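Peer 1: Listed below are the residues making up each chain.
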Amino acid sequence: MAGNIIELTGLTRRYGQFTAVDNLNLNIKKGEIFGLLGPNGAGKSTTILMILGLTEPDEGRVTVCGLDPTASPVEVKRRVGYLPEEVGFYDDLTGLENLVYTACLNGMTRNAARENATLLLERVGLADHGNKKTGKYSRGMRQRLGLADVLIKEPEVIILDEPTLGIDPAGVREFLDLIAELSHEQKITVLFSSHHLHQVQQVCDRVGLFVGGKLLAVGDIKDLASQLFGEDPYTIEVGISSTGKTEPETIKKDEVIKALSQIDGVKSVREEKGRLLAACSTDLTDEIVHAVMNSDLRLVSLNMKSYGLDDIYYHYFEGGDDHV
Amino acid sequence: MIFITTILKEVMTMYNYLITLTGKLRNNGERAKRPFRVIMEKEIADHVSSWRFIILIAIIALTCMGSLYTALSNISQAVKPNDPEGSFFFLKLFTITDGTMPSFTVFISFLGPLLGIGLGFDAINSEHNRGTLSRVLSQPIHRDYIINAKFAAALFVISVMLLSLGIMVMGAGLVTIGIPPTAEEFMRMVFFILLSILYVAFWLNMSILFSVLFRQPATAALSAIAVWLFFSVFYPLIVNLITRSMEPAATASPQQLMAFEQFHLTLMRVMPNQLFSEATTTLMMPSVRSLGPLTMEQMIGAIPGPLPLGQSILLVWPQVTGLMAGTIVSFVIAYILFMRREIRSR
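Protein chains in written order, with our numbering: chain C, 1 to 324; chain R, 325 to 670.
Just so you know, not all the hints are guaranteed correct.
Unchecked claim - Each computed DSS-like pair below joins lysine-lysine, with the alpha-carbon atoms no more than 27 Å apart:
1. C:LYS253 - C:LYS267
2. C:LYS136 - R:LYS366
3. C:LYS273 - C:LYS252
4. C:LYS267 - C:LYS30
5. C:LYS273 - C:LYS253
6. C:LYS29 - C:LYS252
7. C:LYS273 - C:LYS258
8. C:LYS30 - C:LYS133
9. R:LYS357 - C:LYS132
10. C:LYS29 - C:LYS258
11. C:LYS132 - R:LYS366
12. C:LYS258 - C:LYS214
13. C:LYS133 - R:LYS404
14. C:LYS267 - C:LYS252
15. C:LYS30 - R:LYS357
What the hints contain is simulated information worked out from the structure, not anything from laboratory work. Keep in mind it's a predicted model, so treat the numbers as computed, not measured.
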């Protein structure tokens with residue numbers, strides 16, 4: 001396909017019995033900012049390592065800039081900048097020297113490297129700290145230096161693995177804005193992994209939801225919501241309590257659940273923290289209220305939920321394991 | 325031979341590169357360097373500026389001065405009439421001792437391992453722990469560049485250090501005793517230094533192997549030191565225990581005695597320090613003719629006299645080969661382990 005800078009087809013990687021990445025298909029277009037969103041241990045880092053050719057896939061194929069990273073890792077690494085999770089620098093060298101070293105490894109002359117490094121340090125806001133040893137850098141400064149380190153090779157694609165980990169909120173915002181700015185300015189494709197939904201939402205054009213080694217949904221945030229909740233966009237939360245009669249509450253509850261399930265349009269009913277959640281395709285509040293009224297239970301609260309990003313997150317990462 | 329060929333290949337490509345680029349120098353006469361060289365230069369700079377290296381070099385320089393001092397103050401007693409090694413007066417600088425202080429060669433065989441271990445034990449694991457390994461590996465370089473360049477850089481530092489030490493000892497001897505070394509003596513000393521480099525390279529590779537195996541530099545250093553102590557202290561004890569129980573009676577046949585001696589020597593030669601000391605003895609004392617037991621039959625009619633350099637080298641060739649083999653085996657294991665490992669950040 002034209003326009004795709006990264007193509008993953010049927011990618012699988014196993015560690016013994018454990019499948020870290022399971023039959024992954026993903027295309028990333030040139031120039032976009034793509035967010036790989038998933039909880040810890042979802043296989044995001046493994047996928048990134050395979051894209052870079054640092055780990056070989058067990059099955060499937062990776063194509064980056066039209067190249068196969070397993071066959072020509074050096075060519076791929078020339079075009080792809082990678083900022084690892086918890087990037088490390090040589091603490092006894094200054095920020096500038098660290099950048100110059102990377103630049104020299106990419107075949108730049110020392111003078112050109114020094115020039116570029118100085119420019120980039122300015123760009124990421126570290127101009128005053130270039131001659132300070134990296135051992136004395138703060139976490140946020142290290143990440144920004146990491147970004148400069150990735151950019152110094154003038155890459156076509158940059159891959160950032162959990163780049164915002166451990167930075168304070170203001171720093172995160174600044175850092176993400178910087179990434180977005182740079183990407184738009186220099187037309188760099190960015191692949192960015194995170195488990196922070198809000199950060200991904202802030203900068204990414206498209207998002208891939210990644211859980212348990214599988215890609216669940218791809219698209220922009222709106223697409224995601226409709227992909228994930230397309231069948232039942234409304235959830236009605238019903239709070240009930242017993243009216244004090246002798247019959248045990250649980251039996252009553254089961255009856256209500258049954259009654260609710262029989263309403264036309266209700267997809268599923270489940271109980272959560274004493275409240276009933278009914279997933280429906282349309283707004284069925286009236287019908288549900290009637291059903292509850294007809295039982296002997298008292299209606300305590302009623303709440304209609306529409307889905308936001310948080311729900312996407314919780315749906316998949318916390319409560320939604322059965323969905324997988 | 326993997327690493328030697330890699331390094332040679334690297335040198336060749338660098339040479340070719342140089343030729344193709346001659347005349348095409350960039351603006352201010354600067355040329356982009358090959359990544360291998362970039363890594364090597366950085367490693368050398370790291371070594372040379374590290375406290376560890378300064379301490380190691382201080383220890384070794386001090387002991388060299390000590391041994392040189394004892395050698396110089398005892399050299400007058402070392403000259404005996406009718407000495408078959410009389411013409412190799414200068415070499416005695418490296419070997420004589422008054423019994424209180426070991427000679428230069430013994431010092432090298434004792435401190436060489438420390439130098440090798442000191443320069444290699446954190447080669448890979450410290451990069452991993454600092455999180456720099458995955459960053460460097462994501463640069464357009466082959467993975468083996470890192471381990472090769474680290475080995476080459478440490479070897480380069482060791483070579484420069486031992487060569488300059490050896491030449492300094494020669495110089496000091498020359499100034500003090502005023503007798504210049506003959507060409508053969510000089511060649512013997514050069515071979516001795518080359519041999520020491522090989523010996524230190526063995527320990528260097530072993531500690532690089534441990535640095536690939538263990539994530540903690542302290543564990544790697546301790547294991548390497550444990551191997552060194554085992555070979556220099558415990559192994560000879562164990563060999564003695566084994567051989568003493570097998571010692572033939574005094575009335576045993578010469579063949580039996582011979583076989584026993586050979587067996588004892590074979591066991592001892594598992595130790596790299598034994599190989600090194602046999603090789604240095606032969607090189608520095610030209611009158612040594614054999615490293616194993618000789619029968620009276622073989623001795624009869626032999627005129628005591630020094631061996632020519634070529635013959636001495638021939639005599640120690642098995643030892644040199646053994647040391648080289650040990651070096652290569654540990655490098656290959658480290659290389660394979662490193663290439664197969666999945667590098668994740670920290």
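Peer 1: Which hints, by number, does the structure contradict?
Peer 2: Hint check: 4, 6, 8, 10, 12, 13, 15 fail, others pass.
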